[in-house]
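Enquirer: Here is how the chains run, residue by residue.
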Amino acid sequence: MNFQEVLLGIQQFWAGRGCVLQQPYDLEIGAGTMHPDTFFRVLGPEPWNVAYCQPSRRPVDGRYAENPMRVYKHYQFQVILKPAPLDVQQRYLDSLRAFGVDPREHDIRFEEDNWEAPTLGAAGVGWQVVMDGMEISQFTYFQQVGGLELSPVSVELTYGIERICMFLSDIRNIFDLPWNDEVTYGQVRRAEEVEHSAYSFEKADVGFHRELFERWAVEAGRLLDAGGAGAPPLILPAYEATLKCSHVFNVLDARGAFSVTERAAHIQRIRRLACRCAEAYLERRRDAARSGEETTP
Amino acid sequence: MSDRPVLLLEIGCEEIPARMIPRAAEDLREIVVQILDEASLAHGEARSWGGSRRLTVFVDAVEGRQPDRDEQVLGPPARVAFDEAGEPTRAAAGFAKKQGIDPSELDTIETAKGPYAGFRRSVRGRSVGELLGRDLPAAVAAMSFPKMMRWADGRPRWVRPVHWILALHGREPVDLELFGIRSGRTSAGHRFLAEGPVEVAEPGAYESALAAGSVVADPVRRREKIAALLEAGARELGGSLVEDEGLLREVADLVELPGVVRGSFAPDFLSLPRELLVTTLRHHQKCFSVQDEKGDLLPGFLAVANTDRDPSGHIRRGNEWVVGGRLDDARFFWNEDRKQGLAERFPALENVVFHAALGSYADKARRMEALAARLAERLGMPAPRVGQCAEAARVAKIDLVTGTVGEFPELQGRVGGLMLRAEGRDPDVAGAVYAHYQPQGPEDELPPGDSGCVVSVADKLDSVACLLAAGEVPTGSRDPFGLRRATSGIFRIVFEREWPVSLADLLDLAGERETGAGFLGDRLRHFLRERGATVSEILAVLRPEVDAAGFLEWQLPDVAARLAAIGTVRRRPDFAHLADLTKRVDNILTKGREILRDAKGGEDEAAAWVEDREAALALAELVRSQSARIDDLAAARDYRAVVDALAGFVDPVERFFTDVLVLDPEHPVATLRRGELLAQLKDVLTRCFDIRELAGEADRRQHSG
Numbered sequence: 001m002n003f004q005e006v007l008l009g010i011q012q013f014w015a016g017r018g019c020v021l022q023q024p025y026d027l028e029i030g031a032g033t034m035h036p037d038t039f040f041r042v043l044g045p046e047p048w049n050v051a052y053c054q055p056s057r058r059p060v061d062g063r064y065a066e067n068p069m070r071v072y073k074h075y076q077f078q079v080i081l082k083p084a085p086l087d088v089q090q091r092y093l094d095s096l097r098a099f100g101v102d103p104r105e106h107d108i109r110f111e112e113d114n115w116e117a118p119t120l121g122a123a124g125v126g127w128q129v130v131m132d133g134m135e136i137s138q139f140t141y142f143q144q145v146g147g148l149e150l151s152p153v154s155v156e157l158t159y160g161i162e163r164i165c166m167f168l169s170d171i172r173n174i175f176d177l178p179w180n181d182e183v184t185y186g187q188v189r190r191a192e193e194v195e196h197s198a199y200s201f202e203k204a205d206v207g208f209h210r211e212l213f214e215r216w217a218v219e220a221g222r223l224l225d226a227g228g229a230g231a232p233p234l235i236l237p238a239y240e241a242t243l244k245c246s247h248v249f250n251v252l253d254a255r256g257a258f259s260v261t262e263r264a265a266h267i268q269r270i271r272r273l274a275c276r277c278a279e280a281y282l283e284r285r286r287d288a289a290r291s292g293e294e295t296t297p
Numbered sequence: 001m002s003d004r005p006v007l008l009l010e011i012g013c014e015e016i017p018a019r020m021i022p023r024a025a026e027d028l029r030e031i032v033v034q035i036l037d038e039a040s041l042a043h044g045e046a047r048s049w050g051g052s053r054r055l056t057v058f059v060d061a062v063e064g065r066q067p068d069r070d071e072q073v074l075g076p077p078a079r080v081a082f083d084e085a086g087e088p089t090r091a092a093a094g095f096a097k098k099q100g101i102d103p104s105e106l107d108t109i110e111t112a113k114g115p116y117a118g119f120r121r122s123v124r125g126r127s128v129g130e131l132l133g134r135d136l137p138a139a140v141a142a143m144s145f146p147k148m149m150r151w152a153d154g155r156p157r158w159v160r161p162v163h164w165i166l167a168l169h170g171r172e173p174v175d176l177e178l179f180g181i182r183s184g185r186t187s188a189g190h191r192f193l194a195e196g197p198v199e200v201a202e203p204g205a206y207e208s209a210l211a212a213g214s215v216v217a218d219p220v221r222r223r224e225k226i227a228a229l230l231e232a233g234a235r236e237l238g239g240s241l242v243e244d245e246g247l248l249r250e251v252a253d254l255v256e257l258p259g260v261v262r263g264s265f266a267p268d269f270l271s272l273p274r275e276l277l278v279t280t281l282r283h284h285q286k287c288f289s290v291q292d293e294k295g296d297l298l299p300g301f302l303a304v305a306n307t308d309r310d311p312s313g314h315i316r317r318g319n320e321w322v323v324g325g326r327l328d329d330a331r332f333f334w335n336e337d338r339k340q341g342l343a344e345r346f347p348a349l350e351n352v353v354f355h356a357a358l359g360s361y362a363d364k365a366r367r368m369e370a371l372a373a374r375l376a377e378r379l380g381m382p383a384p385r386v387g388q389c390a391e392a393a394r395v396a397k398i399d400l401v402t403g404t405v406g407e408f409p410e411l412q413g414r415v416g417g418l419m420l421r422a423e424g425r426d427p428d429v430a431g432a433v434y435a436h437y438q439p440q441g442p443e444d445e446l447p448p449g450d451s452g453c454v455v456s457v458a459d460k461l462d463s464v465a466c467l468l469a470a471g472e473v474p475t476g477s478r479d480p481f482g483l484r485r486a487t488s489g490i491f492r493i494v495f496e497r498e499w500p501v502s503l504a505d506l507l508d509l510a511g512e513r514e515t516g517a518g519f520l521g522d523r524l525r526h527f528l529r530e531r532g533a534t535v536s537e538i539l540a541v542l543r544p545e546v547d548a549a550g551f552l553e554w555q556l557p558d559v560a561a562r563l564a565a566i567g568t569v570r571r572r573p574d575f576a577h578l579a580d581l582t583k584r585v586d587n588i589l590t591k592g593r594e595i596l597r598d599a600k601g602g603e604d605e606a607a608a609w610v611e612d613r614e615a616a617l618a619l620a621e622l623v624r625s626q627s628a629r630i631d632d633l634a635a636a637r638d639y640r641a642v643v644d645a646l647a648g649f650v651d652p653v654e655r656f657f658t659d660v661l662v663l664d665p666e667h668p669v670a671t672l673r674r675g676e677l678l679a680q681l682k683d684v685l686t687r688c689f690d691i692r693e694l695a696g697e698a699d700r701r702q703h704s705g
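Top to bottom, those sequences are chains G and B.
The opening position of the first sequence corresponds to residue 1 in our numbering, with each subsequent residue numbered one higher.
The opening position of the second sequence corresponds to residue 1 in our numbering, with each subsequent residue numbered one higher.
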């Protein structure tokens, strides 16, 4: 199976099981969890099932296309099921069968891994799913997002599409993966990896990024404060500004721009903004529920 | 043999973290036993098994039902309940109605508090099923795990979502409900390899039914099976296993049907330090390493899988691939780190915070350097060795800024030492850095050389003294900086290396005499307890009454020597007696204080008085001769000989008490002189130990045990 077949296959699988098939969020983000269709939709009581592929940027993981497994950007496939169905492990395993994985021929284990995203005020309990020694998925029961306890509990399934594809095709270098029958992953992505690695580690202007961080953080706060002046807060734009901070933070981190305490202070600042977004969202949802508006499809 | 049936309970759930399984199985066993005991249901032995998807409890020979019993129910006092004609009053009627009986059924029952209205009824005993159904769900829901989760609508809270409950009393199903799941006689086998659900006819068939479902339910069998497979696998790779008991326990609780897969990696990775290879395999991949007869690693590994087959070779290939990638990463970090000398990276420590109030790791390293030098000098080490200790202490923490330690935090210290060795630096300094985190626990070895021990103590002592001064005093189960463990590490080194230092010396070396004394004193007592001394022995040696924390000034090896000597007393019946005799001396001196005071005055008369009792004369002679001898023995720290000398007092003292009346109001002078003898006797008996603490030692040991 080539890369795009795997991607199509998993989309098909979850679309066929009642998920809204969403598209990637169009900002630079580090994980599918940051997509508003996860971050906000897991709050509140409404059922919600969604699946999408999210290209995820992690500047510190850039390796100039020289490492066979680590990359600046990878494709995460994200599934949210809310509330988490009791047979969700079974459903997850069925999704692997859709790739042609026969669990009886592999060693598939659920090993404790409690996921946490400090910048999102998010934490969950679950496992990394390990197949034949390789981590192929993160399986998390969300307990908290935006600093808020969740009820009902959503489950997040995150697949590393490249890894699964490498596994299935027995190819040991990510850049050799066939994207389709003619083009390799390397042909599609190598230049991006090389240049963004150079940018993140060497060239990104630290002063400029510090300023960007500051300004996006102020902007996010301003949009959230709008409510204080009588106008409702602009929650989604405020959240996007927060995501901008998060990415800028990641670039600065890769540049080695932070001392330990400074790093912690920046994480704290992003987290506070994310938590305020979540609180404002729930507040608005409650108001809408009171006035009988429909909030979810 | 009882023919009462076995009770079986299995809670099936999603994969429990391996580290929590043994404790959880034990907790569940205790819960079931407690329910049975509280209901007074007779039962035999209870045992439990834990596995990644199930916790199982067996209780042998469980009585099926509580016996029926008669119960007396008391209502209002008879004078309120019955009128003068003996008819029930309204109060009695109300009570009867509440109890669901007719007022005519009420009798007068005599009690200690007088006559009451009441009745007797027979109470049907509950069945084991009723009792478990009533009490188990709440008790299980209240189990605590290091990390818990909520699921579904957010209400149930446990370690992982529960999926099935198997509950049988013999062949009878026990009906109960946990987190909305009803019990039955059906379990589940291996997640992938079982063919359908597993029906269990009765508890005795549980293990075989699960075996048919591809699950080895008994954790001991799983571990034994893995150990055997690992050994065989290592042999097939042409070597022997690098034993790792902790990893074995962990993997045994990660799998239900264990198998071992052999894999290999490129031999050029063998140029990496052994520690780095073993840790990479263990930490990231939970794989075991293999070595040849010389102890050199072989380019192979053993992975434990949750299946006993690998029909297409996927498992071996997958693991080899991932191990190769991990080793690649480890080599990347190691090579990157070695591009710059370790010592040159010292400035990077300025950015690593040790504690908000205490500055960076660079500050800590400077303190450690000074402390290590002072300590080495205090121990009388030659100047070059002092220099080595100081140098090692200065660079010991630098590996915290290396990529390798970032990737493998458990290799702190090791990486620094390996880098120094690879740089060709002084082997003594490299060795001291390598081992300075040791000992990490009571089982761990000490750093092998003087310098390593000095740096280890300097590091720990700096942390303990400075963090205590910064207010980070451990409380209850909270000890975020591991100060208790660090203190035990300090004591182990000081005691085992027999360093001639006192607690006060240690505190002075760290420059924190004020804040640390209480903590170190407490930890010293705790440490001595852990090494097998009894509370009484510790009190006898540290003599809180005699010395009031004076032991701060005592050299710790001296404390150890005294304790070792007093420890031999446990096996000497004569000594318990001596302790009692000493207490008696004490009592007489206390009781006789008035008589002795009154007896004073007649100095001349006293001087002229001559002791005529032979037992008193013998004792006086013994006190005189042994007083100087015990001083000599104590000066030579031969405390065992002191113990022997003290034992020599048992008979003479006993004879003295039998033959001589000390407190004799008729003879104040004799009382005075004999009182003086007893005071001298007490001084000699308690000079090295307060042996009074050992009185009744046998009882006390039972209590504390």
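For the record, the hints were derived by calculation from the structure and aren't laboratory data.
Incorrect hints may appear among the rest.
Unchecked claim - Subject to a maximum C-alpha distance of 25 Å in a straight line, what follows is the list of computed SDA-like cross-link-like pairs (lysine to any residue): (1) B/K583 to B/A608; (2) B/K286 to G/Y92; (3) G/K203 to B/V401; (4) G/K203 to B/G403.
Enquirer: Compare the structure with each hint and give your call.
Expert: We went through each hint and held it up to the structure:
1. Note on B/K583 and B/A608: the hinted pairing is violated, with a Cα-Cα distance of about 30 Å set against a maximum of 25 Å.
2. For the proposed pair B/K286 and G/Y92, the alpha carbon gap of about 24 Å is at most 25 Å, so the pair holds.
3. For the suggested pair G/K203 and B/V401, the alpha carbons sit about 23 Å apart, so the restraint of at most 25 Å is met.
4. For the suggested pair G/K203 and B/G403, the alpha carbons sit about 21 Å apart, so the restraint of at most 25 Å is met.
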